[in-house]
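A.B. asks: Single-letter residue listing:
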Amino acid sequence: MNALLARFGFGRQSKSQNDESYYTAGQLALIKARFKRKTSGVVAAWILGTLVMMGFFAPFFSPVDPTINGADPDYRRGAPQAFYFWDENGFSLRPFTYTYTKEKARIDLKALAGGGLNALDALTSSGALKASNQNKYVIDKEQRRYIQLFVKGWEYSLIDLSVGGLDLDIRWDRHLLGVEQGQLHIMGTDEDGKDVFSRTLHAIWITISIAIVALIVKLFSSLLVGGVSGYFGGRIDAVLMSITDAVRVVPAIPIYLACAVALSEMDLTPVQRYFAIAVIIGALDFPTLGRRLRTHILTERNQDYVLAAQLCGSSSWRIIWRHLVPSFGSYIIVDTLINFPYVILAETSLSFLGLGLTDPINSLGVLLQKAQDPDIQQNMLWQFFPVAVFVFLIMAFVFVGDALRDAADPYSEKK
Amino acid sequence: MVIEFFANTWLLWILVSVGTGLFWLGRDSQYFNYVFNRYSLALLTLLLVSGVVFVLMEVLPGDCAEKYIAYKNTQGETITQADIDAERARMGLDQPMVVRWASWVTDLTLRGDMGFSCSKRQSVNLALGDRFWMSFLFCMAALIFAYLIAVPFGILSAFTINKTWTDKNPQHTPTERLINSIGMSTQKVLDLVLRLVSYLGLALPNFLLALTIILLYVFAGEPMPTGLYSDEYRNVPWFGDNGFSWGKLDDFIGHIWLPIFVIGWSATALQLQTVRALVVDESNKLYVDAARARGVDGIALWAGYPVRHSISPLVNSIGFDYNRVFNDLPIVAVVIGLTDAAALLIEALSMTNDQELAAAILFLVALVIISMNFFTDVILAAIDPRVRKSVLGN
Amino acid sequence: MMINQGVSSRLLDIRDLTIDFNTDEGLVRAVDNVNLSVRPGEVMGLVGESGSGKSVTAKSIMRLTPGNAVIQHPSQITLHHRDQDINILKLRGRDLRTVRGDQVSMIFQEPMASFAPAIRISDQMIQTMQIHLGYDRDQARRAGIELFERVGIVNPEQRFDQYVFELSGGMRQRAMIAMALSTKPKLLIADEPTTALDVTIQAQVLDLMLELREQMGMAMIFITHDLGVVSKIADNVTVMKKGQVVEAGSAEQVLFQPEHSYTKRLLDALPHLEDLPEAPKKTPPPLLSVKDLSITYPLAGNGRKTEYFNAVKNISLDLPEGQIIGLVGESGSGKTTLGKAMLGAAPISTGHVQYHNTKKKVKFGADKAIKRKRLAKTAQMVFQDPYSSLNPRMTVRDIIAEPLEAMNITKNREETDARVIEVAKRCHIDVEHLRRFPHAFSGGQRQRISIARALVCNPKFIVADESVAALDVSIQAEILKLLKELREELGLTILFISHDLSVIANLCDWVCVMKHGELVEQGTVRQIFLEPQEAYTQKLIASIPLLDSPEGRPSNTPELVHIAERPVCSEARVGV
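Protein chains in written order, with my numbering: chain H, 1 to 415; chain E, 1 to 394; chain R, 1 to 576.
Note that these hints are calculated values from the structure, not bench results. Please note that a few of the clues may not be correct.
[To be verified] Some chain E residues judged to face chain H by a derived CB distance under 10 Å, without partners named: (1) Leu44; (2) Leu202; (3) Leu204; (4) Leu208; (5) Phe252; (6) His255; (7) Ile256; (8) Val335; (9) Thr339; (10) Leu349; (11) Ala358.
Ideal Cβ placement from N, Cα and C applies to all residues, glycine included.
Whole structure, please, built from the sequences with the hints as guidance.
C.D. replies: Shown next, in the form of structure tokens:
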């Protein structure tokens, strides 16, 4: 890949120019420089960054409130509302969408009220009750609704840092996109009239934040197991490693399941549940990283530079802090990033089975779970939008992780 | 009397005699000494696994007594706490966990008895029976599927490493350069496609893949191949009055590919990466250059050197691949409506709270993985001189 | 046809060879306009340091250059074969076999890595013979065993069917030679075939190659960085530096009348036994005494009883103050363990180590714990591997300052910086470079940093463990010069551990010889190199590839300029 880039002269600077900065660059800077050479990784990183930003500032980017408050009772099961620049009525620089109104089912209520069985038969056979007919909307092409930027909408908190005594909650009520009348449903609505696009955006951040919590917990448990095992060695190492192996052979998802079931019996608020799930995913995921950290510590401990530090009279404490910890600092960061998709997958799998988060919360897993519904499969394909976003998100993570892994490859630093 | 004693303790005798046999052989053979050590380690790990599983089951809410009494409750009997406690005492659930664990392990090692399933109201061994084997076969078929695809394509992908797009070597004739360049670019594109596919294996997890396939069936208007049989064949016996039922077999095959493909999918993707990395690693070694310097070329070079040397690390990972595949099986079972052990596991965990059954399934999966690891280790030590050297010393 | 080569005929002709590598930094020239020719039966010594392009040149003969190498116009490599000139660079497909194994074969530096580890040596060798000679299995097998016998492998039939890791180092290289000879090539390329071997085995392998060359009459390109080895085996010598040929000619001419300064520098690195330093009149008092020292490691065995390995067996030793003491031994002789034990970095089973004339008493041993800080101020170490001994995450300044900061020797940061700069200057490290990270430095510079770190707290004693083994000869010389300077100026005592006798001879005042964990002999460098007493030392000294004095070779007359035109199998050269 590098050779390829070199051929096309992408991003090449003459070596003399950045000589000094190369020589005085630390490990992380080196990894960053190597990462920048990988086009696929950089592109994926941009996509990933955009998705995460959109997720983090989801209220700003979403045109509609994703909760039940923002549900549009007049537009349930509604199809995506496309934007246009022109139609047979002319061209417009500002994109617009049409006005949708629900087609009133032609149900002869009087006849029904009269108790006529024939009328009921006619109703069922006409297909008006069939699910596929419930999302028929009339498009009024004459009534254009123009897309506006920075529209005033419901109030939300942009950044909420009200932790403890700190009261720092920046609230705003502007949204990037919107229309003057009614609501804009870029990706349609679900059966309650909640906007699919807005829900998805909010779900991204919730899923990622679960992953972050899980990864922190995972890091902590792995460091504990791997660090203790690697540093003390001997019998402690043997015992800890056989337990780790025993945990590693049992498939993970069933373990998560059991814990999630146990959680579901407890009386938890959605937020508590959310954190509990993150903590469980993180805490039980220690075998692989723990084992790797242990090996890493063992190899680093036998490096000559550690012996050199010992011979220089450094105390064990100093060796750990000055030499060992920095040596796997960058390693841990990279490993954590690489593990993101796996943790996200664990969350979605759990939610998918209905044992993770549940409906009022918007997580990608919750939204994916709905895709299982035959009704949605047959009549509301737009509800597969979160699936596409999910696949994109994971792909972006995997590409970034892969490029990072190459960039952090310790073998390339010796050359 | 004697027969009964042996019938109740048969498994223990087998385990012990295998152990002593290996120990005896290991007195003067380093290899069997290694096998014996590996065997003891496997048994120890199994013991630990059973402990882990037991602790896990302790976390699950409710117990068999409650379930049983609740069941009776529906039959119109009024139940008091005293009844529940009496039932607990009868089932031995009032004992501390360690005691129950010890008795479970003892029963298991003596005669392979894995306890009593209260939701199925029969012994776990019976309740699991065929379903466990069905899951096992699914996983093995998925693994074989994964290897059949991943190994050749992984090797193919490894070929394309370290090649540049265009051949600028002035020592080549223009036509040669053109042909080389075209060949190299195709390889590069192929490599990119393979990489993309293997990333998709992660990004499109099994349950989404299953959904997608089902969706395609919905669009095509075909009946979905969920479950194992269509309705018409569900109750047809394999061996009916007209001999073997070929129609049922046909139907079965028409359904079984879906779970195998779906659970094999992400294993394939991961395996592709592994094979590729292994072969690339080996092909950069000096002995490959040395073989080229002796005039070995073409398929003899690739198959005889890098590929041959990457087989054993690959074989080594089978156990953990099985883990990965089984890990995905429960969700897939839910999505496409299977009735195997994985589905039973989900049922036992999330609906019936049948701890004994769930523990037994998890333990059996671990047993399969540990025995696979044991056998691959032992076989590799026998056939691969490098492994033999590292485990036996020289 | 090949028996009677024409006097002027050439076997191999390299003309204007220019090779570039496609790298991140664009095209990098590896070989620049090299001309080289080899006559049938001639031994061409190709000498140069790492990165001089000698290996790439040799590999291009077999078309084994890596994928990113571009052979530029108008390079030409011609092989004369069956009265035809074959343009090697134009060979395609199966025709490549002519130069890969058929007419040309190669011996690699690492015999261990150049045999496939999971395939029996017999199978690899039989495969080669089947490809080139069309033998059937039995025939190939018989021929292979015969060759094994010929290269001096004991029990050839049994060894033939073993895997490469089951053979010892010397056996492996013999097997490699047998493999290379199995196709009866006309040209043998040997890429540093003896560098990885211990000195006594190196001598044996060299003798074997000479003998085989006499018997089989093939030409040879012998790649090495060691002019001593070249002088033993080569007829003609080509010296390369940075991809260019700097000097070429007959061995006598290049070795005894070198014209290029680079060749002279390489020659200086060889031991000069005739002008070894005089021993001082009286031996200085000892700085360090080792009494009855034994070190035993438990072997990580799979057997039911743990076995122990005695790395050092009951050694007593006094190291004279202010001298450079060489500790010599072959691999596995326990020399590194002994060196580390003196610094308290190896577990001592019995005996003790005591430093004299220190401010506070420094003594430790089997029953006496180490006072780490006292010891650290007295004795320091310079490591073998210039890469792993420097923490890649610290700047050079932090690395050098580590002992000062770890032991709080200096009072404040300014004092530390001043001391670091002082030491850096003394070790010829550019002060500007102190804020760089180690990855910016080459092996030689890294070794200077390592030395600076060892010196920063003013120790009296330094253990240098194979500290120049990973470096090129010319850089080795610089480091050795630095060590000598330090000894003169600071009165340091240095224990220099090495397997390389030439380095020891050039550097040390006092030499200790170790074998299998025991001290075989010690004495001044003159005593050891000129009048060795023990049989083992004698064998060791005899194996040094010294430059043969001009008298040892056919006399230095004009005729020798045409040395390559002598008949191939000259009897006069046997046993040089």
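A.B. asks: Hint by hint, say whether it matches the structure.
C.D. replies: Consistency of the hints with the structure:
Given the 10 Å rule on beta carbons, the hint for E/Leu44 holds: about 7 Å separates it from the nearest Cβ of chain H. Interface hint at E/Leu202: satisfied, since its Cβ lies 6 Å from the closest Cβ of chain H, which is below the 10 Å cut-off. Annotation: interface hint on E/Leu204 holds; nearest CB of chain H at approximately 6 Å, less than 10 Å. With 10 Å as the threshold, the beta carbon of E/Leu208 comes within range of chain H, its nearest partner Cβ sitting at about 6 Å, so the hint holds.
Contact between E/Phe252 and chain H, as hinted, is not supported at the beta carbon level, the nearest pair being about 24 Å apart and thus beyond 10 Å. At its closest, the beta carbon of E/His255 sits 18 Å from a beta carbon of chain H; the interface hint therefore is violated under the 10 Å criterion. At about 21 Å, the closest approach between the beta carbon of E/Ile256 and any beta carbon in chain H exceeds 10 Å, and the interface hint on this residue is violated. Because the smallest distance between the Cβ of E/Val335 and any Cβ of chain H comes to about 7 Å, under 10 Å, the interface hint for this residue holds.
Here the hint on E/Thr339 is broken, as its CB sits about 17 Å from the closest CB of chain H, past 10 Å. A hinted interface residue such as E/Leu349 counts as satisfied when its beta carbon comes closer than 10 Å to some beta carbon of chain H; here the least separation is about 5 Å, so the hint holds. For E/Ala358, the suggested interface contact is upheld, since its CB lies about 7 Å from the closest CB of chain H, less than 10 Å.
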